[in-house]
Amino acid sequence: MDLLVPEIGLLAWNTISFLVLVFLLGKFAWKPIMKGIHDREKSIDEALNKAELARQEMARLSSQNEELMKQAREERDQILKEAKTLKDSIVNEAKTQAQTEGAKLIEKARIEIENQKKAALAELKGQVSALSLDIAERVLRSQLDDKAKQQELVNNLLKDVELN
Amino acid sequence: MDYNRVFVSKVRRLIVVFALFSVFLGFRTTAFAQADSVAAQGHEVSAPVAHAEEHGKEEKGFDITSFIFHHISDSHFFTIWGHGDHGLTLHLPIILWTDNGLVTFSSSAFQFDDAGKVVAEKNGQRFVIAHNKIYYANAAADAHGSYVSHVTDEKGEEKITNARPLDFSVTKNVFSMLISIVVLVIIFTAVAAGYRKRAGKSPKGVQSFFEPIILFVRDDIARPNLGHKYAAFMPYLLTVFFFIWFNNMLGLVPFFPGGANVTGNIALTAVLAVITYLITTFKGNKHYWKHIFWMPGVPVPIKIFLIPLELMGTLTKPIALAIRLFANITAGHILVMSLLCLIFIFNSYAVAPASIFFAVFIGLIEFLVAFIQAFIFTILSALFIGLAVEEHH
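Going down the list, the sequences are from chains W and V.
Everything in the first sequence is counted per my numbering, starting at 1 for the first residue and increasing by one.
Everything in the second sequence is counted per my numbering, starting at 1001 for the first residue and increasing by one.
Some hints could be false.
The following residues of chain W were derived to be distant from chain V, with all beta-carbon distances above 10 Å [unchecked claim]:
#  : residue
1  : D45
2  : N49
3  : E66
4  : E82
5  : L86
6  : A103
7  : R110
8  : Q116
9  : A119
10 : A122
11 : Q127
12 : I135
13 : K149
Heads up, simulated SDA-like pairs for lysine to any residue below, C-alpha to C-alpha not over 25 Å straight-line [what the hints assert, rightly or not]:
#  : chain 1 : residue 1 : chain 2 : residue 2
14 : V       : K1201     : W       : I37
15 : V       : K1122     : V       : H1091
16 : W       : K31       : V       : K1197
17 : W       : K35       : V       : G1145
18 : W       : K27       : V       : A1232
19 : W       : K27       : V       : D1220
20 : W       : K35       : V       : K1197
21 : V       : K1159     : V       : D1113
22 : V       : K1197     : W       : K149
23 : V       : K1159     : V       : I1179
24 : V       : K1201     : W       : R40
25 : W       : K31       : V       : K1201
26 : W       : K31       : V       : G1386
Since the hints were derived computationally from the structure, they do not count as laboratory data.
Just so you know, even glycine gets a beta-carbon here, dropped at the ideal spot from N, CA and C.
Based on the provided sequences and hints, a complete structural model is requested.
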């Protein structure tokens, strides 16, 4: 039973020593140690959080880049398409214009030719009439001389006319 | 939180202890038979237990009980090696509060006596020491030369009836504990210096050795039991844990300055348990007290019936805490000593290898127990405090 009865002196020493130990360690060891551990854990957490944020930011930026690239590509395609349409329309227009212009020119030339032809015919008619008159004049003159000869002359003249 | 490995190791330990115990019991009958036959030679090793022979109770030579009890109890001498005048002994100071005030002298005044035969006279008062306790000496010696008077109580045990001064001596336990306190303060201020020097960096040296243990106390002991209020109790829990662990380990070292049975002394475990009890009592919130004095959710007669039970419960918790640590560490010391004493019981060198093998084996287990008991004391303290400060919904 002796073992179970604490000695008063030991109790006193133990109580005082242990309380002093709690005080000393609490003030000079546990406080800075717990603070150090806590601070370090906090800084590690913060660093990890920051890394995570940076990763997300990177992902965001790269997806944004992708988006931009896609947009740019689409825009380029659009522009190319528009340019092609424009080119086609210009070419078509040019073609039509050329055709109309050509047709106009042809028409003009035709009209000119017609006019020239008319003018030429008119002149020919004048000449024919003048020639006819001339022939008629000569016929009339030779008629006056010899009847046979007149006939021959007329025939000759007519031959000439036909040749013309 | 993983308690599993603790339970597994506890179970294994129990198996080992029981196995060894049965082996030990098997030995005992033959051992005592042999001890009887070798009683004549037994006297060389019986010197430390002179008082046992003196009373004529133990005629078998080697008194294993008093030998072991001498080793696990406190002492006013700290033997470094040898015995008595043939060895080196640290004489610890004796500080007494007597009827006539404070008296201090060195324990060398008792000349290694432990049977009340040598009187130390100081300030006109006479003291003797018997069984490591200091008494006022009788005027004259009795037939055995002892200055203390004995009575035999109803159980047949002899009791010394002399009056005792209040003994505040620096005994072996106190001395050992003071050493442990100095070492703990040096170690942990060094650890703290590491945190200051390498703020925010990875730990190094002694700091990196203790940091996982400190984190273990915080994350596996304090936080699960105390929740977010853990920070306020960390200094106490950490101090208790390292104090018990270090003293357990120091007790396992067989030579100076180890070997004192500091944590296996009820005076120390009682002080620690009382501090835990005071914390739970003064930090306990109104829910805690309500559960003790007016348990919610049960009929009134049961409420009244539960009051004494709950009150008793608050007391049994620290008592169990104190007894558990004391009994575990003392049992470990007794076991190691018993195994070594087998050599003297058989009185044969042939037993030594087996005896030492088992003692070393138990010693290794005791290293584990040193940690486990520190862990258990701390986690139960945290649990009791946690129950007292817990927020109820």
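How the hints compare with the structure:
Remark: the non-interface label on W/D45 is consistent with the geometry, its nearest Cβ contact in chain V lying 12 Å away (cut-off 10 Å). For W/N49, the shortest C-beta to C-beta distance to chain V comes to about 16 Å, beyond the 10 Å cut-off, and the non-interface label holds. Residue-level check passed: W/E66 sits 38 Å from the nearest beta carbon of chain V, beyond 10 Å. Non-interface call for W/E82 relative to chain V: holds, since the shortest CB-CB distance, roughly 60 Å, exceeds 10 Å.
No Cβ of chain V approaches the Cβ of W/L86 within 10 Å, the least distance being about 66 Å, so the stated non-interface status holds. Non-interface call for W/A103 relative to chain V: holds, since the shortest CB-CB distance, roughly 91 Å, exceeds 10 Å. Against the 10 Å criterion, W/R110 stays outside the reach of chain V, whose nearest CB is about 101 Å from its own CB. The Cβ of W/Q116 lies farther than 10 Å from every Cβ of chain V, with a closest approach of about 108 Å, so its non-interface assignment holds.
With 10 Å as the threshold on Cβ separation, the claim that W/A119 sits away from chain V holds: the shortest Cβ distance comes to roughly 112 Å. For W/A122, the condition that its CB be more than 10 Å from all CB atoms of chain V holds, with the nearest at approximately 117 Å. For W/Q127, the shortest C-beta to C-beta distance to chain V comes to about 124 Å, beyond the 10 Å cut-off, and the non-interface label holds. Every Cβ of chain V is farther than 10 Å from the Cβ of W/I135; the closest lies at roughly 135 Å, confirming the non-interface assignment.
With a minimum CB-CB distance of about 148 Å to chain V, W/K149 clears the 10 Å threshold, and the non-interface call stands. Distance restraint check for V/K1201 and W/I37: the Cα-Cα separation of roughly 10 Å lies within the 25 Å cut-off, and the hinted pair is therefore satisfied. For the given pair, V/K1122 sits about 17 Å from V/H1091 by alpha-carbon distance, which is consistent with the 25 Å threshold. Restraint check for W/K31 and V/K1197: satisfied, since their Cα atoms lie roughly 15 Å apart, inside the 25 Å limit.
Annotation: proposed proximity of W/K35 to V/G1145 is violated, straight-line Cα distance about 63 Å (limit 25 Å). Distance check on the hinted pair: W/K27 and V/A1232 sit about 13 Å apart at the alpha-carbon level, within 25 Å; holds. Note on W/K27 and V/D1220: the hinted pairing holds, with a Cα-Cα distance of about 23 Å set against a maximum of 25 Å. The hinted pair formed by W/K35 and V/K1197 meets the criterion: a straight-line CA distance of about 13 Å does not exceed 25 Å.
Annotation: proposed proximity of V/K1159 to V/D1113 holds, straight-line Cα distance about 18 Å (limit 25 Å). Distance hint between V/K1197 and W/K149 is unfulfilled; the C-alpha atoms sit about 155 Å from each other, more than 25 Å. Restraint check: the Cα-Cα separation between V/K1159 and V/I1179 comes to about 33 Å, which exceeds 25 Å; the hinted pair is violated. Using a Cα cut-off of 25 Å, the hinted pair V/K1201 and W/R40 holds, with the two alpha carbons roughly 7 Å apart.
For the suggested pair W/K31 and V/K1201, the alpha carbons sit about 18 Å apart, so the restraint of at most 25 Å is met. Taking the CA atoms of W/K31 and V/G1386, the gap is near 21 Å; set against the 25 Å cutoff, the hint holds.
The earlier numbered hints that this structure contradicts are 17, 22 and 23.
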